[in-house]
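Residue numbers (the numbering used here), protein chains in the order written: chain Y, 1 to 362; chain D, 1 to 289.
Derived by calculation from the structure, the hints in this document are not laboratory data.
Small disclaimer: the values here were computed from a predicted structure and weren't measured.
Glycine residues also receive a C-beta, built at the ideal position from the N, C-alpha and C atoms.
Treat the hints loosely; a few may be bogus.
[To be verified] From chain Y, some residues computed to sit far from chain D (all C-beta separations above 12 Å): (1) Asn-20; (2) Glu-52; (3) Asp-55; (4) Glu-73; (5) Gln-75; (6) Leu-85; (7) Lys-102; (8) Glu-174; (9) Asp-184; (10) His-187; (11) Arg-206; (12) Asp-290; (13) Gly-293; (14) Tyr-298; (15) Val-305.
[What the hints assert, rightly or not] Some chain Y residues judged to face chain D by a derived CB distance under 7 Å, without partners named: (16) Met-51; (17) Phe-61; (18) Gly-62; (19) Ala-71; (20) Phe-80; (21) His-88; (22) Phe-92; (23) Phe-97; (24) Val-101; (25) Val-153; (26) Lys-156.
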Amino acid sequence: MSIDIRNISKRFGNFVALDNINLDIPTGELVALLGPSGCGKTTLLRIIAGMESADEGQVLFGGAEATHLHARERQVGFVFQHYALFRHMSVFENVAFGLRVKPRKERPSESEIRKRVMELLSLVQLDWLADRYPSQLSGGQRQRIALARALAVEPKVLLLDEPFGALDTKVRKELRRWLRRLHDEMHISSVFVTHDQEEALEVADRVVVMNKGRIEQVGSPDQVYSNPATPFVYQFLGNVNVFHSRLQGNLWAEVARREDGAGGEGGGAGDSLAFVRPHDIDILREPVPDALGAEVRYVHPIGPVVRVELAHQSELVEVELTRERQEELQLAQGQSVWLKPRQVRVFPAGTVAGEALQDFSI
Amino acid sequence: MSRSSSHSVLPGFGLSLGYTLVYLSLLVLIPLAGLLAKSASLTLADIWAIATGPRALASFRVTFGASFIAACLNGFFGLIVAWVLVRYDFWGKRFIDALVDLPFALPTAVAGITLATLYAETGVIGEWFAKAGIKIAYTPLGIVVALTFIGLPFVVRTLQPVLEDIEPEVEEAAATLGASRWQTFRRVLFPAVFPALLTGFTLAFSRAIGEYGSVIFIAGNMPLISEITPLLIISKLEQYDFVGATALASVMLVISFVMLLAINLLQWWASNRHRSVPVKDAAALGGAQ
Chain Y
1 MSIDIRNISK
11 RFGNFVALDN
21 INLDIPTGEL
31 VALLGPSGCG
41 KTTLLRIIAG
51 MESADEGQVL
61 FGGAEATHLH
71 ARERQVGFVF
81 QHYALFRHMS
91 VFENVAFGLR
101 VKPRKERPSE
111 SEIRKRVMEL
121 LSLVQLDWLA
131 DRYPSQLSGG
141 QRQRIALARA
151 LAVEPKVLLL
161 DEPFGALDTK
171 VRKELRRWLR
181 RLHDEMHISS
191 VFVTHDQEEA
201 LEVADRVVVM
211 NKGRIEQVGS
221 PDQVYSNPAT
231 PFVYQFLGNV
241 NVFHSRLQGN
251 LWAEVARRED
261 GAGGEGGGAG
271 DSLAFVRPHD
281 IDILREPVPD
291 ALGAEVRYVH
301 PIGPVVRVEL
311 AHQSELVEVE
321 LTRERQEELQ
331 LAQGQSVWLK
341 PRQVRVFPAG
351 TVAGEALQDF
361 SI
Chain D
1 MSRSSSHSVL
11 PGFGLSLGYT
21 LVYLSLLVLI
31 PLAGLLAKSA
41 SLTLADIWAI
51 ATGPRALASF
61 RVTFGASFIA
71 ACLNGFFGLI
81 VAWVLVRYDF
91 WGKRFIDALV
101 DLPFALPTAV
111 AGITLATLYA
121 ETGVIGEWFA
131 KAGIKIAYTP
141 LGIVVALTFI
151 GLPFVVRTLQ
161 PVLEDIEPEV
171 EEAAATLGAS
181 RWQTFRRVLF
191 PAVFPALLTG
201 FTLAFSRAIG
211 EYGSVIFIAG
221 NMPLISEITP
231 LLIISKLEQY
241 DFVGATALAS
251 VMLVISFVML
261 LAINLLQWWA
271 SNRHRSVPVK
281 DAAALGGAQ
């Protein structure tokens, strides 16, 4: 079922949690709400679920007004970060809960409940745990049970609030691939909240990047990563070097590293900021035109990549090289090298809030 | 995994257990043993005769009956008070929270006299009940009032931390699954607080069985009607009937012990049934972790 969010605003006292949000989620899509903590993503999810009410605006489910429906009437499945399983009920009873509380007329018979619950448990591959209690399960198992419980009522929309946030890295990776497969099998609309950009980029059909109660960009994972609409998106999705520049053409003929923490200050009309991803900078041993001189400070091999910290005048620049490239270059501390960007994205200095830069700069 | 292994991580097991045993012996076991030893001068038939006398039987009925009713009332209203104190923020909450402890601190005689005055037919509260034809003070109903008063903090204080422990998400989860408020309470919240409620009930109940000071002022103390067992024991002592008093005390001790044991077993069952691992699964679980 599609979800339309129209002009939603929400404040908590003086704090603006959501500022006039508009978002359409088409049927069958898996959408990630991505942003730093406090950006309003969880509030938006809770408003969709009916656990929080918006100060202004509308929520439509499948085109029908749902703004004032109670959570229990919305037919949404909700998965919480900390599972929120019923501790005194067995795994089976947890999953059966949604069926048992149905009004008598709609309630399936005991044998149907049994069949449906066991189907769901085998869907999440935990049918052998039916008689256990939540305290006897690992975090990953609990979250899968929570998902089975949410799916038991055949929701039209599945909402997940940082579903893998409390799990360790390996389990998290497994579960998010599994969630992707599950979503494709179930043919429902899913929205999940995360602050982990890797998770959002890997799992979602579409990523909604949020900051300070506003939507910064909506797009496919590839779009938001390789074509960020705003400096915030650039910085939030992956590492980035920011250069305070006076640009000629599109190359940094005369690029000066941003001198102070507060970008956009002291700028003349032509001032702008150049954003370059660490893996979009090439390091050269010989000077070439348009390249920027720098000195190697540290070389860290990290797994498949080699991270190099360089100093350009007094500023640090981060560059990521492949291991092969480092083999060729043989970079060592104290060497003088030249930097050449492969891809630069330029934003006028005025559009960049200094605060945002400081918060999320690398 | 097991805590009873010979090398415990926590040192001082021998010392602290020894201390516990000595302490409990000095305060509980030796006095109780003395009581039983004293009653050993009687044959079982004698004890039976004393304990089944009409006055004794009536006093047992009053004591255990009124205590049970009072503990039930406390269980019900204590749950509401604890719920209000945990769930809602309102002006004067800290004051009400402090008020709950008052029955702990107030001398029971003061409580008894105050309650007797208020609930007497001429008292501020009692006169309203008197108009409806209900006498509270100087009847078994008065005993229930006094026992409810002294038992209240036990239930509230046992429930508060447990209610605070229930995450709001659990209720939200129930709501998104389609449960009504009542279904959420009955199926989710109540089972979660039930073991604690039982503990609070037990504490209030045991406290009420042993209560003396507040009851004698409000009970009227009419033999066969509103006389509690502790009072009957005192009156036997005043007549130098030490053997009769001891016999009654022993019988009360045994009944209390059996009842508390039963409630404790129930409590153990209530709090453990969702933790116990079926034996056949224990090995698999150990392996899975």
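Could you check the structure against the hints above and give me the numbers of any it violates, in ascending order?
2, 4, 5, 6, 7, 17, 18, 22, 26
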